[in-house]
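Engineer: Sequence:
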Amino acid sequence: MKIKEIQDEIVDEFSMFDDWMERYEYIIELGKKLPLIKEEYKTENNIIKGCQSKVWLQGEQTDDKIIFTADSDAILTKGIIAILIRTFSNQKASDILEADLNFIDEIGLKEHLSPTRANGLVSMIKNIKMYALAFSTRN
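So for the sequence shown, the working numbering puts the first residue at 36; every next one is plus one.
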């Protein structure tokens with residue numbers, strides 16, 4: 036699936052919920068299903084700076100796609116990174132760099148997070164884009 040198709044799917048899923056408590060519960064469920072990062076990648080180098088909780092992100096290029104894995108010590112944050120990984124993992128670096136991120140506003144995520152979690156979300160996106168940039172310059 037293309038990034039835009041995944042984003043549309045996520046927007047549809049979030050539109051099924053009537054209130055933000057249900058959406059938070061859904062985000063937490065997504066976090067529980069997150070394919071975890073290998074312990075060897077839970078290093079200081081892979082911690083995303085700017086997050087209130089600890090978030091580890093690892094990206095590897097396989098063929099022309101980037102595969103992301105992650106983990107967090109906070110259940111809500113784990114769900115947020117799960118949404119981003121679902122969107123950007125298994126995508127080409129160029130597609131990640133060109134991706135529109137309006138779906139985050141469409142589901143209302145940023146406005147329903149505390150300021151520190153919203154900053155963390157921005158940091159997560161920045162790190163994903165940095166991986167894409169690094170891998171795109173290798174090709």
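Bear in mind the hints are in silico, worked out from the structure with no lab data behind them. Cβ atoms here follow ideal geometry from the backbone N, Cα and C, with glycine treated the same way. Accuracy of the hints is not assured; some may be wrong.
[Unchecked claim] Straight-line alpha carbon distances no greater than 27 Å define the calculated DSS-like cross-link-like pairs of lysine-lysine that follow:
hint, residue 1, residue 2
1, K164, K100
2, K100, K127
3, K67, K127
4, K145, K37
5, K84, K161
6, K100, K89
7, K145, K68
[As the list claims (entries may be wrong)] Just the calculated beta-carbon pair ranges, DEER-fashion:
hint, residue 1, residue 2, range
8, Y61, D135, 18 to 28 Å
9, K100, N80, 35 to 45 Å
10, D47, I82, 28 to 38 Å
Engineer: Run through the hints listed earlier and report the numbers of any the structure violates, in increasing order.
Structural biologist: 9
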